[in-house]
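Construct all of the structure, not just a fragment, from the sequences and the given hints.
Number of protein chains: 2
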Amino acid sequence: MNFNPTPRILMGPGPSDAHPRVLQAMARPLIGHLDPEFVQIMDDVKGMVQQCFMTQNHLTFVVSAPGSAGMETCLVNLLEPGDECIIGINGVFGRRMANIANRCGATVHKVEVEWGKIIEPSMIREALNACSNPKLVALVHAETSTGVRQPLKEISQIVHDANSLFMVDAVTSFCGVPLKVDEWGIDAIYTGTQKCLSAPPGLSPVSFSERAVKVLENRNSEVQSWFLDLNLVRNYWSGAKRAYHHTAPVSSVFALHQALSIVLEEGLESRWERHHSVHNYLKQQLEQLGFSYLVDEEYRLPNLNAVFLPEGVDEAKVRSQLLHEFNIEVGGGLGAFAGKIWRIGIMGESCTRNHVNMLAGALGEIL
Amino acid sequence: MNFNPTPRILMGPGPSDAHPRVLQAMARPLIGHLDPEFVQIMDDVKGMVQQCFMTQNHLTFVVSAPGSAGMETCLVNLLEPGDECIIGINGVFGRRMANIANRCGATVHKVEVEWGKIIEPSMIREALNACSNPKLVALVHAETSTGVRQPLKEISQIVHDANSLFMVDAVTSFCGVPLKVDEWGIDAIYTGTQKCLSAPPGLSPVSFSERAVKVLENRNSEVQSWFLDLNLVRNYWSGAKRAYHHTAPVSSVFALHQALSIVLEEGLESRWERHHSVHNYLKQQLEQLGFSYLVDEEYRLPNLNAVFLPEGVDEAKVRSQLLHEFNIEVGGGLGAFAGKIWRIGIMGESCTRNHVNMLAGALGEIL
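For the record, the sequence lines run as chains A and B. For the first sequence, our numbering gives the first residue as 1, with consecutive numbering after it. For the second sequence, our numbering gives the first residue as 1, with consecutive numbering after it.
Just so you know, these hints were derived from the structure itself, not from any lab.
What follows is a set of in silico ranges between Cβ atoms, one per label pair, in the way DEER data are often shown: (1) A:Asn4 with B:Asp161: 44 to 52 Å; (2) B:Glu325 with A:Asn4: 37 to 45 Å; (3) B:Ser132 with A:Gln56: 49 to 57 Å; (4) B:Lys241 with A:Met1: 20 to 28 Å; (5) A:Ser277 with B:Met1: 21 to 29 Å.
These stretches of chain A come out as covered by chain B in the derived footprint (C-beta under 8 Å, 3 or more residues): (6) 3–12; (7) 17–26; (8) 87–100; (9) 240–247; (10) 250–263.
So the derived list for chain A, only partly shown, Cβ under 7 Å to chain B, looks like this: (11) Pro29; (12) Leu30; (13) Gly32; (14) Glu37; (15) Ser64; (16) Ala65; (17) Pro66; (18) Ala69; (19) Glu72; (20) Gly202; (21) Glu222; (22) Gln224; (23) Ser225; (24) Trp226; (25) Phe227; (26) Glu329.
Note that this is a predicted model, so its numbers are computed, not measured. Positions of the beta carbon are idealized from the N, C-alpha and C atoms, including for glycine.
Shown next as C-alpha cells:
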C-alpha cells in the first residue's frame, strides 16, 4: 500500500523532530532481544537514562510502551487496594494519574487547582494532614496540557516528612529543563521519549528509589498487571540471568540509545540552556504577533508554550493552514483548553532558532 | 556512546529479519500522531490487519506495546473478578495467560498437557462441563516455546456451544500459517509483529468479534488497566473524533504499514505455502545433521522448529559458536526445555532457502 508521509516540522506537544542519527539507528537490521550485543545496548541505555535523570537508582530502566504506560507502571507497582494517595491535578495528566490510581483500588485524594496554575506546597501539606496514612503523593513536573512547570523540591521535603513516596510525571521535562531525581528526592519517575529527548514515541524511561523498591518488595498483593510488574521486568533489565519477560522493541531501543547519546554529548546543562534561550526568542516573536501566555512567567515551561491566539483568530483554521501550507505542526488545546489555546513545542531537535523563524514567518504570512 | 550492532541472521523465535522497506519506513522523519496523514496510515493499518486476520471485525487495531501486552489487553478487557475461564497450557505462553487471568481476579481452570502436545477437543469439552459459567476459553495457536500448532476449529465450536468466548494467541502463527479468525469463530485474538510479519518487535495487532464487544460493553467493573482499556483505545483507533488516548509509536506504525503491505503483496496463501515448503527443506537438512523434532509431524509449526540436538552435542556451546562465528541466531529452549532443545525460526523474511543453507552450512562446519 502507498506509503509516503509528508515531511513535517514538528512544533507541537510531541513527537518532536528526530535527529538523523536516531532515525538511522532504527533502520539498522534487527538483532535478537537476548543477543549479548543487545544486552550491552540495554546496559548502556540504563546508564544513560540514570545520567539524564541525575540518579544513582539501581532500578532504572525503560518500559516497552509509551509514557502513559510508564505512568501506569509507577502506580500499579506502588499502590495496592485500600492504599491512600494524593494526586495533584492541574491538567490532563494529573487527572489521568488519578484515574489510574483509582483503578488500582486506591483511595485517591485529589488536590485540584485551576488549569494553568501550580500546586502550592501548602496544599500538599494540608492534604497530607487530612489523610490517615498517605502512601504516595504524585505530581506532574511539566503539565503538557497547560505548559506549567511545577516546582518540586519543597514539596518533596513535605512528602518525605509525612513518610510518603514522592512520584513525578516528567514526560515533557526530561532532558529539556532541570530535573534532578536524587537531589530532589523523587521516589518514582517516568518520562517519554518523544519530547525533549527527540526519539520516536513508544518507550517510557522510569526510575525508582530504594524507598520505592522497599515498598514494592513488601506488597501484600500481586501487581495487577503482568506486563508492567516490576518484579518480573527488573529481572529482564537488570538481573544477572536476564530472565526473558517480553520481547523488547529492539529498533526503538536502538533509537533511544542514539537519542540519549546525543543528549549527553551536548550536556544536560547546555541542553537546558538551549531550551531556555530559544524559548525567549520564541516568546518575543509570539508576543509581537499578538499571542499571550496562559501561564505566569515564573512557572512557564520553556519547551511547551501554551498561548492564547490574537483576538479574533480562528485557531483551528490557522493551525490547519500551518500544517497544510507550511508543513508545520503545532498543538491545539486539550480538555478544558480545547479550541482556546495552542501548545507550541520547541523540544530537543525542534528547539532551534530556525524552527522559531519558520513558525514566525509562516504565522506572519497567514495572520 | 558507541553504537554499531553486528548484522545478524535471525533464525530464532523472533525477531526475524526485516525487509529493507520496513527498516527504511522507520527511518522516515516523524509526523504527529494526530496528523491527518498519520490517521490515514492508522486506517490503512487497521484494514490490512483485518485482511491478515481474515476478519471483518470492526474492533481491530494495534496495541502500542509488544505481544504480551496484546495478551493482557484481551484478558483484562474480557474478564472481571469472579469470572470463570478455561486456559489451555502446553508451554510458556498458556502459562502466561493463566497468570494474567488470575491477576484479573478470574477463577482459572487450567487444561494442562505435556509440553509439545496439543490440547484435545475432548479436554476442553470436559473442562466446560465441569465449569458452572465459563466466560472464556483461551488457547495458544502457535506455542512459541514448543513449536506446536494447535488445531482450533473444532474446539471453537465446542466453546461456542457452551456459550463461551474463544480467545486465541496467534503471536507466532500470524502471516505464517493458515489463520482464519471469522471462519474459525475466534472472539479475541492478539499477535506480535516480530515473527512471520517480519516487522520490529513492539506492537500487538488485536481483533475482537461482536460477541466480545458485547461482553466488553456489559462489564460491571472498570477495566483494571487504563493503558489497555478498550473503551478508551477504540476511540483513538476508530472513533469519528479520534480522541487522544496516548501518543502512538509513529515510527513503529510506519514499519508495520510496510510489513503488512509486503504480506498482502505476496498474498497470504503464497506466504503460508512458502513457510511450508521452506520448512520441508529445513527439516530434511536438520534430520541429515542428526536433529530430531519434538512435536509429532501432524502438529508441527512449519515456521518454528523445536528440535533435539544430535546426541552428545553441547547445545549452548554450539549456539554460541553459531552466533559468534557465523552471526546466526537460533533460539534455545524455554522453561521445561531450557538446555534441551533449539527453536529454529524460519519466519517472514527469514524464511528462505538461503537462510536454511547458511544455517545448515554453518552447522556442518561446527558439528
